[in-house]
Amino acid sequence: MLTLHCPNCGVMADETELHAEGEAHIKRFGPGSSDEEFENYLFERKNPKGVHFERWRHVAGCGKYFHAARNTMTLEVYGTYSAQTLAPPKTLVNAIKKKHPEWEGWA
Amino acid sequence: MSNAVSALDGATYQGFCKVQEMGLVGMITLRGDLGAAAMAKAVKAVTGVAMPGQGAVTTGKGGTVAWMSPDELLVMVDHAGADAAVAKLSKALAKEHALAVNVSDARAVFHVTGQAAREVMAKLSPADVSALAPGIMRRTRLAQVAGAFHMLDEGTFEVVCFRSVAGYVFDVLANAAKPGSEVGVL
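Chains D and A are the protein sequences, given in the same order.
Following the numbering used here, the numbering of the first sequence begins with 1 at its first residue and continues without gaps.
Following the numbering used here, the numbering of the second sequence begins with 108 at its first residue and continues without gaps.
The hints are simulated quantities; they were obtained by calculation from the structure and are not laboratory data.
No experiment lies behind these values; they were computed from the predicted model shown.
Check before you lean on any hint, since a few could be wrong.
When the alpha-carbon atoms are kept at most 30 Å apart in a straight line, the in silico BS3-like pairs for lysine-lysine are as follows [said to hold, decoys possible]: (1) D/K64 x A/K202; (2) D/K64 x A/K230; (3) D/K64 x A/K125.
Anything over 12 Å on all C-beta distances counts as not near chain A; from chain D, calculated [stated by the list, open to error]: (4) T3; (5) N8; (6) A20; (7) E21; (8) G22; (9) G30; (10) E36; (11) N47; (12) K64; (13) N94; (14) W103.
A few chain A residues facing chain D, derived, Cβ under 10 Å [as the list claims (entries may be wrong)]: (15) F123; (16) P177; (17) A191; (18) D235; (19) R245; (20) V290.
Built from N, CA and C at the ideal position, the CB exists for glycine as well.
The whole structure should be built from the sequences, with the hints applied where relevant.
Below you can see the structure in the form of structure tokens.
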């Protein structure tokens, strides 16, 4: 069972209070983009065995979105952070790199 | 005005804890920038209660103000005074990007009273009830529906849920308080 810290309301939220919203930091490609870019934006998702950045919504709590970095294999949670950002915080990325030197990075 | 009636008309259940629907309670949803000085001033002027911090609830003579999300407060006042409080808040916040709405008749309020009240709440919600204390508002789920609760004192929880699920919440609370179902952990 996952327990994530909601950065919006500051509580430790159980998985059953949350809604998973898929991969984080997806760049939108709308009108004017190529077919390939648009298809990528709509359908192509990472499915890593290891470090993953995700969007979550505290649906039974404050109702706000946030981001979480966690490991899909060990279920370790590296941290959660605000959804109002385009990239994960550097300190979090560095901490994950330190733990997993072989990790290819978030982008 | 029409004759206002609460969801369960004050229904009670006596198990190892007492579950009681609290009848008519005035409730106002107030949304806006909680960090704005005008917001804190308006809340203080209408309820006499200080703006609660993150996840907190403050109570005073004029009512109770609970922090519900980074941009939402729940203001609890007398049912009869709710409309007047909304008018006052709206006037005080006319220049702010804020909204006050009387939701009294869209919500239901319960009290769970008894020594093992924590246990009743812990059976229904994934929140860490053992870490709760008076002054903390916890928005979570109660079995399968959304709900929020805070402690009035060591043996009393005040529970707020949507009116449409009041019957369900009363039933699950009563079931959790059934004599003989004590777990004895909290």
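Hints versus structure:
1. D/K64 x A/K202: Holds, because 25 Å separates the two Cα atoms, which is no more than 30 Å.
2. D/K64 x A/K230: 25 Å, holds
3. D/K64 x A/K125: 33 Å, violated
4. T3: 9 Å, violated
5. N8: 5 Å, violated
6. A20: 16 Å, holds
7. E21: 17 Å, holds
8. G22: Per Cβ check, D/G22 is outside 12 Å of chain A; nearest 22 Å; holds.
9. G30: Fine: 28 Å to the nearest Cβ keeps D/G30 off the interface.
10. E36: 38 Å, holds
11. N47: 28 Å, holds
12. K64: Violated, since 6 Å does not exceed 12 Å.
13. N94: D/N94 clear of chain A: closest Cβ-Cβ about 27 Å, beyond 12 Å.
14. W103: Holds: least Cβ distance 31 Å, greater than 12 Å.
15. F123: Result: violated, 25 Å to nearest chain D Cβ.
16. P177: Holds, about 5 Å.
17. A191: Violated: closest Cβ of chain D sits about 28 Å from A/A191, beyond 10 Å.
18. D235: Check passed: Cβ of A/D235 comes within 7 Å of chain D, closer than 10 Å.
19. R245: 7 Å, holds
20. V290: 18 Å, violated
Of the numbered hints given earlier, the model fails hints 3, 4, 5, 12, 15, 17 and 20; all others are met.
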